[in-house]
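Start from chain A and add chain B according to the hints.
2 protein chains.
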Amino acid sequence: MKIEFQPIGVVHSPFKRQQGAPIQPVYAQNARGTVEIFEPYRAALKDLDGFSRVWLIYYFDRAKTWEPMIVPYRDVQHRGLFATRAPARPNAIGISAVKLISVEEDFIEVEELDILEGTPLLDIKPYAPKFDSYPNEKAGWLDNESIDKKTADERFDKNKE
Amino acid sequence: MKIEFQPIGVVHSPFKRQQGAPIQPVYAQNARGTVEIFEPYRAALKDLDGFSRVWLIYYFDRAKTWEPMIVPYRDVQHRGLFATRAPARPNAIGISAVKLISVEEDFIEVEELDILEGTPLLDIKPYAPKFDSYPNEKAGWLDNESIDKKTADERFDKNKE
Chain A
1 MKIEFQPIGV VHSPFKRQQG APIQPVYAQN ARGTVEIFEP YRAALKDLDG
51 FSRVWLIYYF DRAKTWEPMI VPYRDVQHRG LFATRAPARP NAIGISAVKL
101 ISVEEDFIEV EELDILEGTP LLDIKPYAPK FDSYPNEKAG WLDNESIDKK
151 TADERFDKNK E
Chain B
1 MKIEFQPIGV VHSPFKRQQG APIQPVYAQN ARGTVEIFEP YRAALKDLDG
51 FSRVWLIYYF DRAKTWEPMI VPYRDVQHRG LFATRAPARP NAIGISAVKL
101 ISVEEDFIEV EELDILEGTP LLDIKPYAPK FDSYPNEKAG WLDNESIDKK
151 TADERFDKNK E
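Going down the list, the protein sequences come from chains A and B. FYI, the numbering for the first sequence is 1 to 161, going by the working numbering. FYI, the numbering for the second sequence is 1 to 161, going by the working numbering.
No lab work stands behind these hints: they were computed from the structure. Just so you know, not all the hints are guaranteed correct.
Said to hold, decoys possible - Derived DSS-like pairs (lysine-lysine); straight-line CA-CA distance at most 25 Å:
#1 B:LYS16 <-> B:LYS150
#2 B:LYS149 <-> B:LYS138
#3 B:LYS99 <-> A:LYS138
#4 B:LYS16 <-> B:LYS46
#5 A:LYS149 <-> A:LYS16
#6 B:LYS16 <-> A:LYS46
#7 B:LYS149 <-> A:LYS130
#8 A:LYS2 <-> B:LYS2
The structure displayed is predicted, hence computed values, not measured ones.
One chain only, chain A, in its complex shape (with noise of 0.2 Å):
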């Protein structure tokens, strides 16, 4: 079975590359950035503007092959991939949840943007928190970091495989 996907849009940020973007939104709180929107899909941001954060779910384009166990940019030690947010994936699917600025006709304006410029959009939902927000989950070896890293590497960089 394959699952065939067109982007809707295209993300443009300050971040040309893996080596040095911020690894999730929380450690990207001054990058801004817009996602550029493609015209069959502009009519469905209307609403949008009510909320004050958004997910992007977009496509890792530029990560390397998959392996099931990866050093994660935050450790020190090989953990499972699944149990990582690491780009090189089976399905190289990413989520983040980035504040709206601003939404205009063909693009909106964002902040605490991790993503690299030119990377392929695939949906926008809005946060909301009664659906998203756990504050109190248990988060494993995230919860004991080794490593107060907030920048990526060129560890899952594909052009370095």
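Using the frame of chain A, we list chain B on its own:
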């Protein structure tokens, strides 16, 4: 540009069709199910058991063709699709933060499951409060919902198209 994904597993759920299924994990408190993981991906489950909640990323395989404006389950008027979590989307990707009960060799057991039986799984990510939990965001029309509806009906079902 076409982006191709392959399922890494399949969801086993008490909900066989959209009609009557919970529309979000928060409305599926007692719904327990399993997510079968296909052989090539099982080794990547290591360390996941330290997390109490996980993101399931999946393909809404029974959603009908998308439209830019739809009436969401919890409202009485048309809203822009990207301001809703409706399944009929240009790229029919769903995300659900479900409670993780156990991790076995070839499946995981979950609770608060709002996904239909047989749904193709695309990815698993750990839920991390520091990356995902924003309790104070504004949620547009969802903050003033017209209807307290917790289960789906057939409005987004491709068999009713």
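Cross-check of the supplied hints:
1. Straight-line distance between C-alpha atoms of LYS16 of chain B and LYS150 of chain B comes to about 16 Å, which keeps the hinted pair within the 25 Å bound.
2. A C-alpha spacing of about 20 Å is found between LYS149 of chain B and LYS138 of chain B, which places the hinted pair at or below 25 Å, so the restraint holds.
3. Between the alpha carbons of LYS99 of chain B and LYS138 of chain A the distance comes to roughly 11 Å, so the proposed pair stays at or under 25 Å and holds.
4. As the CA atoms of LYS16 of chain B and LYS46 of chain B are separated by approximately 30 Å, the hinted pair breaks the 25 Å bound.
5. Straight-line distance between C-alpha atoms of LYS149 of chain A and LYS16 of chain A comes to about 19 Å, which keeps the hinted pair within the 25 Å bound.
6. Using a Cα cut-off of 25 Å, the hinted pair LYS16 of chain B and LYS46 of chain A is violated, with the two alpha carbons roughly 32 Å apart.
7. A threshold of 25 Å between alpha carbons decides the hint, and for LYS149 of chain B with LYS130 of chain A the separation of about 14 Å falls inside it, so the pair holds.
8. Proposed proximity of LYS2 of chain A and LYS2 of chain B is supported: the alpha carbons are some 12 Å apart, at most 25 Å.
Violated hints for the displayed structure, listed by number in ascending order: 4, 6.
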